[in-house]
Amino acid sequence: MMYREFGKTGVNLSALGFGGMRFEDQDDREGCARLVRSAYEAGVNYFDTAPGYGKSEELFGLAFKEMLPRRAEQPFYVSTKTMKSDPGEARRDLEQSLERMGLDYIDFYHLWCICDLEDYGHRKARGVLKEFERMKSEGLIRHIVVSTHLPGDKVGDLLDDYPFEGVLLGYSAMNFHYREDGLDAACRNRQGVAVMNPLGGGIIPQHPQLFDFLRTREDETVVQAALRFLLNDERINVLLVGFANREEVQEAIEAVEGFRPIPSERIDEMRQSLSASFNELCTTCRYCDHCPEGIPVPELMEAYNHYLLNHDPHALDFRLKYHWQIDNVEEVLARCTECGQCEDSCTQSLPIIARLKEIGKLRNR
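First residue of the sequence shown: 817, per our numbering; consecutive thereafter.
Treat the hints as calculated values from the structure; they're not laboratory data.
What you are looking at is a predicted structure, and each value in this text was computed from that prediction instead of being measured.
Computed list of lysine-lysine pairs in DSS-like fashion (alpha-carbon distance at most 30 Å, straight line):
(1) Lys-970 <-> Lys-900
(2) Lys-900 <-> Lys-940
(3) Lys-1137 <-> Lys-1173
(4) Lys-940 <-> Lys-952
(5) Lys-940 <-> Lys-970
(6) Lys-900 <-> Lys-871
(7) Lys-824 <-> Lys-970
(8) Lys-871 <-> Lys-952
(9) Lys-940 <-> Lys-871
(10) Lys-952 <-> Lys-824
(11) Lys-900 <-> Lys-952
Here are the in silico distance ranges between beta carbons for each label pair:
(12) Pro-979 <-> Asp-1160: 24 to 30 Å
(13) Gly-868 <-> His-1139: 22 to 28 Å
(14) Met-818 <-> Asp-843: 31 to 37 Å
(15) Glu-1085 <-> Asp-1000: 17 to 23 Å
Note that the Cβ used here is the ideal one computed from N, Cα and C, for glycine as well.
With the hints as extra help, turn the sequences into a complete structure.
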């Protein structure tokens, strides 16, 4: 396993992190715990979760129960988060996370899901970061970090405002251009960088033929090539992959263990192709999934990805009907009032309303 120092914390984290959002079956408690432990046995030492990931914290806690006796000889580090703007509620979130996972402290505690600087300013003004500092002084938190979906230039403003020790942001071969400035800002401030959705929210493994040009070796899969494309960037400390099953864990571990530096000219070629082709795909983060009219926006945007990738309206129809079971598309689209709530919450600033209209037009061809 490859390890990299996380910013200037002095902590060496595995380049591959275990994201606890995508367990295949959260009701299979022991199976999920085994998956976590198998990654730990393979050298993964960074485990990320959140209160909003279903039963994830409890499942990690089940795994940690067996891992804790070995922690001194084989360290591991835990990351979780709070979205609360009230200091007391943020403390309660932390206490509940500690209880669920059976831990005395959290290594990396995130100010979670900063989607605009106004929201960040509101939370800061309410005293949440001061509460983080108090909890750190009490030994309940080791490192104060932030999770954000801001565009790259705004990420820089965020990281320049407060001495966060690290940042978690969405970054992949698909949308690297969107947050490039954010990585530069973190590097400038010597803040650690963990990237979520390094496989584009599943889009890259779902369309291997379209991303085949990322491969630099005959013996690697497209998934491994996409991860190695990011591993080649020394500004990135951790690739946080949401694992569903043992096969996914093994494929990612092999990607890291078999990594060899990619020549800069080859990286430049890949970045040019990617920047021109894939920066407008939805990464299905689902932050738009709160439409007041009940429109399933993430599902519609994911299906629209298939149109963009295949340039075929039938691919869109097929995805909507057979994958998402949305038969009454026209009725669903007619409910849109263009309130803009989905676009305000979009982590990529995509033109969702225009795309909803285009979906209607494509279906009426």
